[in-house]
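Following the hints, put chains D, B and W in place on chain F, whose structure we already have.
Just so you know, the sequences run in chain order F, D, B and W.
FYI, the working numbering numbers position 21 of the first sequence as 21, with every residue one higher than the one before it.
FYI, the working numbering numbers position 8 of the second sequence as 8, with every residue one higher than the one before it.
FYI, the working numbering numbers position 71 of the third sequence as 71, with every residue one higher than the one before it.
FYI, the working numbering numbers position 63 of the fourth sequence as 63, with every residue one higher than the one before it.
It should be emphasised that the hints constitute simulated quantities derived from the structure, not laboratory data.
Treat the hints with caution; some may be incorrect.
[What the hints assert, rightly or not] Non-contacting residues of chain F with respect to chain W, defined by C-beta distances greater than 10 Å in every case (computed): (1) Glu7; (2) Arg55; (3) Thr69; (4) Asp74; (5) Asn110; (6) Arg112; (7) Glu113; (8) Arg115; (9) Asp116; (10) Met118.
[To be verified] A few chain D residues that face chain W, going by a derived Cβ cut-off under 8 Å, partial list only: (11) Val19; (12) Trp62; (13) Gly82; (14) Ile83; (15) Gly89; (16) Leu163; (17) Phe169; (18) Met207.
Owing to the predicted nature of the structure, the values given are computational and were not obtained by experimental measurement.
Just so it is clear, CB atoms sit at the ideal spot from N, CA and C, and this is done for glycine as well.
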Amino acid sequence: MMSLTLEGVVLIGALGLIVIGALGMAISNHLFRMLLALVLAESGANLLIVLSGYRVGASAPILGFGDPTAPMVDPVPQVLVLTAIVIGVGVQALAVALLLKVYRVYGTLNVRELRDRMDADVATAAGVEADASQDAPAGERPLPPVPAHASVGSGGFGRRGPVPFPPQSDERRP
Amino acid sequence: MISDLAVPNLFVAQAGQLVLPVVLPLLAAFLMQPLARVSTALARGLGPLVLILCAWITAQLWIQLGDAPFTLAIGGFAPPLGILFYADGIALLFALAVPVFALLFWPGSESGGGAGADSRPGSDQADRDQAARRDALVLLLVAATTGLALSGDLFNLYVFYELAAVASFGLVALSGTGRAQVATFRYLMISAFGSVLALAGIAILYMQTGTLNLGQLAQLAPETLNNPIGSAAFALMLIGFGVKAELFPVNTWVPEVYAGAPARVSALLAGLVSKLAVLVIVRLLVLIFPQPEAAQMLLVLGVLGVLTGEFAAWRAKDFPRMLAFSSIGQLGIVFVAFSIGGEIGLLAGLAVALHHLIVKSALFGLAVRWNGSLEALAGAARTSPLGAALFVLFALSLVGVPPLPGFWAKLTVIVGLAERGTPLDITALMSILLVTAVEASYLFRVAIRLYQDNPDPVARHARRDLGVSALLGAVLVAATLGLRPVADVLGAGAAQLGDRAGYIETVFPSHVAGKD
Amino acid sequence: MTTWVALVVVVLMLASALAVLLLRSFVAAVAATAVVGLGLTVLFVLMRAPDVAMTEAAVGAGLSGVILALALRRLGLWRIEDNGRGDGDA
Amino acid sequence: MRNLASLLFAGGLAFLLLTLLSQLAFGTPPMRVGSEILAVAPGEVGAANLVTAILLGYRGFDTLGELAILFAAATAAGVVLGRRRDDARRDPPGGEVLRTGADLLFPLLVVVGFYVIAHGHLTPGGGFQGGVILAAAFFVALLAQPARHLSHGLILWIEGLAGAAFILIGIWALVASGDFLAPLLGPGRMGELLSAGTLPLLSLAIGLKVGAELAGIMAHIADAEAPDT
Numbered sequence: 001m002m003s004l005t006l007e008g009v010v011l012i013g014a015l016g017l018i019v020i021g022a023l024g025m026a027i028s029n030h031l032f033r034m035l036l037a038l039v040l041a042e043s044g045a046n047l048l049i050v051l052s053g054y055r056v057g058a059s060a061p062i063l064g065f066g067d068p069t070a071p072m073v074d075p076v077p078q079v080l081v082l083t084a085i086v087i088g089v090g091v092q093a094l095a096v097a098l099l100l101k102v103y104r105v106y107g108t109l110n111v112r113e114l115r116d117r118m119d120a121d122v123a124t125a126a127g128v129e130a131d132a133s134q135d136a137p138a139g140e141r142p143l144p145p146v147p148a149h150a151s152v153g154s155g156g157f158g159r160r161g162p163v164p165f166p167p168q169s170d171e172r173r174p
Numbered sequence: 001m002i003s004d005l006a007v008p009n010l011f012v013a014q015a016g017q018l019v020l021p022v023v024l025p026l027l028a029a030f031l032m033q034p035l036a037r038v039s040t041a042l043a044r045g046l047g048p049l050v051l052i053l054c055a056w057i058t059a060q061l062w063i064q065l066g067d068a069p070f071t072l073a074i075g076g077f078a079p080p081l082g083i084l085f086y087a088d089g090i091a092l093l094f095a096l097a098v099p100v101f102a103l104l105f106w107p108g109s110e111s112g113g114g115a116g117a118d119s120r121p122g123s124d125q126a127d128r129d130q131a132a133r134r135d136a137l138v139l140l141l142v143a144a145t146t147g148l149a150l151s152g153d154l155f156n157l158y159v160f161y162e163l164a165a166v167a168s169f170g171l172v173a174l175s176g177t178g179r180a181q182v183a184t185f186r187y188l189m190i191s192a193f194g195s196v197l198a199l200a201g202i203a204i205l206y207m208q209t210g211t212l213n214l215g216q217l218a219q220l221a222p223e224t225l226n227n228p229i230g231s232a233a234f235a236l237m238l239i240g241f242g243v244k245a246e247l248f249p250v251n252t253w254v255p256e257v258y259a260g261a262p263a264r265v266s267a268l269l270a271g272l273v274s275k276l277a278v279l280v281i282v283r284l285l286v287l288i289f290p291q292p293e294a295a296q297m298l299l300v301l302g303v304l305g306v307l308t309g310e311f312a313a314w315r316a317k318d319f320p321r322m323l324a325f326s327s328i329g330q331l332g333i334v335f336v337a338f339s340i341g342g343e344i345g346l347l348a349g350l351a352v353a354l355h356h357l358i359v360k361s362a363l364f365g366l367a368v369r370w371n372g373s374l375e376a377l378a379g380a381a382r383t384s385p386l387g388a389a390l391f392v393l394f395a396l397s398l399v400g401v402p403p404l405p406g407f408w409a410k411l412t413v414i415v416g417l418a419e420r421g422t423p424l425d426i427t428a429l430m431s432i433l434l435v436t437a438v439e440a441s442y443l444f445r446v447a448i449r450l451y452q453d454n455p456d457p458v459a460r461h462a463r464r465d466l467g468v469s470a471l472l473g474a475v476l477v478a479a480t481l482g483l484r485p486v487a488d489v490l491g492a493g494a495a496q497l498g499d500r501a502g503y504i505e506t507v508f509p510s511h512v513a514g515k516d
Numbered sequence: 001m002t003t004w005v006a007l008v009v010v011v012l013m014l015a016s017a018l019a020v021l022l023l024r025s026f027v028a029a030v031a032a033t034a035v036v037g038l039g040l041t042v043l044f045v046l047m048r049a050p051d052v053a054m055t056e057a058a059v060g061a062g063l064s065g066v067i068l069a070l071a072l073r074r075l076g077l078w079r080i081e082d083n084g085r086g087d088g089d090a
Numbered sequence: 001m002r003n004l005a006s007l008l009f010a011g012g013l014a015f016l017l018l019t020l021l022s023q024l025a026f027g028t029p030p031m032r033v034g035s036e037i038l039a040v041a042p043g044e045v046g047a048a049n050l051v052t053a054i055l056l057g058y059r060g061f062d063t064l065g066e067l068a069i070l071f072a073a074a075t076a077a078g079v080v081l082g083r084r085r086d087d088a089r090r091d092p093p094g095g096e097v098l099r100t101g102a103d104l105l106f107p108l109l110v111v112v113g114f115y116v117i118a119h120g121h122l123t124p125g126g127g128f129q130g131g132v133i134l135a136a137a138f139f140v141a142l143l144a145q146p147a148r149h150l151s152h153g154l155i156l157w158i159e160g161l162a163g164a165a166f167i168l169i170g171i172w173a174l175v176a177s178g179d180f181l182a183p184l185l186g187p188g189r190m191g192e193l194l195s196a197g198t199l200p201l202l203s204l205a206i207g208l209k210v211g212a213e214l215a216g217i218m219a220h221i222a223d224a225e226a227p228d229t
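The following block holds chain F by itself, in its conformation from the complex (with noise of 0.2 Å):
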């Protein structure tokens, strides 16, 4: 379809990217792979972008770098990977904040047994205070990479959440 450059050959990076990305997030049935296949789309999109601004045979966009004859590449695509580059780290580290509050309230990641573990909280809870199934994670969870220190401090957490706003009762589930 085209002859090999480096454009091309980036061009196709990009777009495997991104493609490999929107198919991981589709199909994967574990959230914490859902999230690592935006990383991968991200990714595809940042070298888009920047591919959006290389011109064949010039130099870096900083004086006194390279040649200063060469002509440079186009500064701006590369400000804005730059900011795209840390929305995305900031994007990413708030996703594992939730997975983290998610696999501690739950249990699991898996997709499908989340939704049976929601489907039963909902069932189970009716008249019980919500936030008591945070103490109570399924039975088999995997071990722990960490051994356990002798500390038992782990009971009280589920009712110390976040308060939420206005005052509610947990009721408004169908």
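The following block gives chains D, B and W in isolation, referenced to the frame of chain F:
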């Protein structure tokens, strides 16, 4: 480079001050948490204070600088190089609405709620930290949405859109239940995927035109973007920015998030934030993608949103979910309206959008207390007669019963569709008429239930939430009484919004036509 | 010459990306993500974007990997071998 | 079934994007704005690294938005994870090797971080990259001695004040010249450390804020409870 050295005064209205409504909330948000460690009272008062200041600055600038659109180059760099703010009537209207609505639905004060922060055991410090974080996030959301209203730079719009997204993730997760966290995660995934597509769209646009300034893009669009590549870029950006605007395929997050989030946050997201995302899409449509394919895309997705949203609302079992689905349907109508194009389309779109902004915010305000299933609402009119009356008023307007503004908004859409009259338009028209019946059915079902006899109705509303809803109800009634002036103002706004040549002329006054 | 380097890097990157979806071990998947980040860094250098390359190296291959690995430990997914409760349906 | 549909969809998307994008002239961008900035930036802003000139000058407002996003993400992560418990289960302290390594590495990383921040307007690098290195330094310390009490209050103050400093520099410009974030103090002599006006100051603010933000996020995640048995 530096335009005006003569008037170095903050107290004289100048265009340059228009950054303040974006920047001051950011400043306050940055300082919120450290401040809360020093003085809780100070931190608590800071947010509302800054919002009032922002609204005041915007109103002041609007009054003094008049109706003609003006621009403001941030950093003083000449237009296509730096980032530009573009302020026309609609942009200023939204920039004013943002702090006002944030103030109305300010989550902080729980005075009327009965059970305040003291209802939960837990360390005070943790509660205070959490309150400071929440206030900071609302301020960030305010800054972001104001920026969305004003910015005239494609990538800057993207940055503010992302800021609004990230801030709303935090606010949605506030309620702390497991369901809300799962809903937030899904929302984050959809939103982030939309961002990837939007970035790809921006990359394509930049590749084609070499600029990010909306004015210059508008200038270059007819020759560089009126082709399949341009349409593809529009599709990518439509999906990307459509996530927050509750556009059809990427709105699956809506019901879970609005049902799980605190109701006031839902009010802000459904009412305000979605409208700003719509405004961004409309700006792109008007300025950069005037080709008919783009409008058709919007029309089809809008119709699908209308149908799926309203039928799902009909089947919904609880109040917040019903409102959420109805919101999808209403925004579908907004998209259909804007896809008509021309002055009548823009007028219709603005009318439906503003109407929805008022009505849906107020209804979510009522949902602060009515957050349970629809069945539990039986007899609520007895404990909260004003709340029930307001619900009926908003429902009537939402369905489109004649004297109320909702009727005129819908009528304008239908007239616009009938005037253009392609088969696709007629389909859209038919589906709007159809869902009006559906809307009437489910809203009146709820209204009847509110007035049922029930010895044990749900709790009454807090005075504050009821007051906010009553205020918005009063605005609605006032708009009904003063329909003519409101329509005139909206018409002028629509004319400005649709004025592509005017935009270019305002951004590049002396025809600095760039390189072509 | 640079084209060939880019080709090798892109092939490696896409293979790692597929591995992210297919590997059952999450540790390996995170490692593969970091490989994609490194590949991206090389491509940015080839496209004359040293600032972006530096950021990507620090963020994409470093920081992001650290955050994800930290999350793995906290999520109890930090195990090299697969114990049958695989979640890699992809 | 669903997977097959997704595969087909992804294949279609790939094909569509490839056919469309292969029509674009990659490698020869139009550079309407780019070349103009390349021409005027050295005189107007005075930074040898033109990427930094755009990042902090022409598109400085984007950078502010980006700082706000990172801040929003850190704040939201705080909302989600709540305050960490002092008696939360922690990882055991790292071994002797790790601790010694950390003691050596920590000051080195801090110095490198500040060097990268300070030279952002001259060489590749700048606030973000330096900030990430600072956060890494912090993280190494955390890894070696998890039990060491991290002063969360200090992080809050650094991130708050650094962000405020960025905005206040911008407002200073607004008062002095009528434009938010306009370059002040003159471009100076190109290539010197103290040149490019307020750019190095902005860079420092960014570096500190990014470092504090990321360190805060990592501390939150690291101090989240380890999964119990």
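Results of checking the hints against the structure:
Some Cβ of chain W comes within 10 Å of the Cβ of glutamate 7 (chain F); the nearest lies about 4 Å off, and the non-interface call is violated. Look at arginine 55 (chain F): its CB is around 6 Å from the nearest CB on chain W, not clear of 10 Å, so calling it non-interface is violated. Consistency note on threonine 69 (chain F): stated as away from chain W, and its beta-carbon is indeed over 10 Å from all of that chain's, at 14 Å minimum. Not every C-beta of chain W lies more than 10 Å from that of aspartate 74 (chain F), the closest at about 4 Å, which undercuts listing it as non-interface.
With a cut of 10 Å on Cβ distances, asparagine 110 (chain F) stays outside the contact zone with chain W, its closest approach being about 15 Å. Interface exclusion of arginine 112 (chain F) from chain W stands, the closest Cβ pair being 12 Å apart, more than 10 Å. The non-interface label for glutamate 113 (chain F) is consistent with chain W: the shortest C-beta to C-beta separation is roughly 15 Å, beyond 10 Å. Distance to chain W confirms arginine 115 (chain F) as a non-interface residue, since its nearest Cβ pair spans about 14 Å, more than 10 Å.
Separation of aspartate 116 (chain F) from chain W is adequate, the least Cβ-Cβ distance of about 18 Å exceeding the 10 Å criterion. Every CB of chain W lies more than 10 Å from the CB of methionine 118 (chain F), the least distance being 17 Å, so the non-interface label holds. Nearest Cβ of chain W to the Cβ of valine 19 (chain D): about 4 Å, under the 8 Å cut. The hint holds. The interface hint given for tryptophan 62 (chain D) is broken, as the beta carbon of that residue sits about 19 Å from the closest beta carbon of chain W, more than 8 Å.
Satisfaction of the interface hint for glycine 82 (chain D) is found here, the shortest Cβ-Cβ separation to chain W being roughly 5 Å, below the 8 Å cut-off. Here the hint on isoleucine 83 (chain D) is kept, as its CB sits about 5 Å from the closest CB of chain W, short of 8 Å. Nearest Cβ of chain W to the Cβ of glycine 89 (chain D): about 23 Å, over the 8 Å cut. The hint is violated. The interface hint given for leucine 163 (chain D) holds, since its Cβ lies 5 Å from the closest Cβ of chain W, which is under the 8 Å cut-off.
Below 8 Å, beta-carbon pairs count as interface contacts, and phenylalanine 169 (chain D) has one with chain W at about 5 Å; its hint therefore holds. Residue-level restraint check for methionine 207 (chain D) holds (minimum Cβ-Cβ distance to chain W is 5 Å; threshold 8 Å).
Hint violations for this structure: numbers 1, 2, 4, 12, 15, all remaining hints satisfied.
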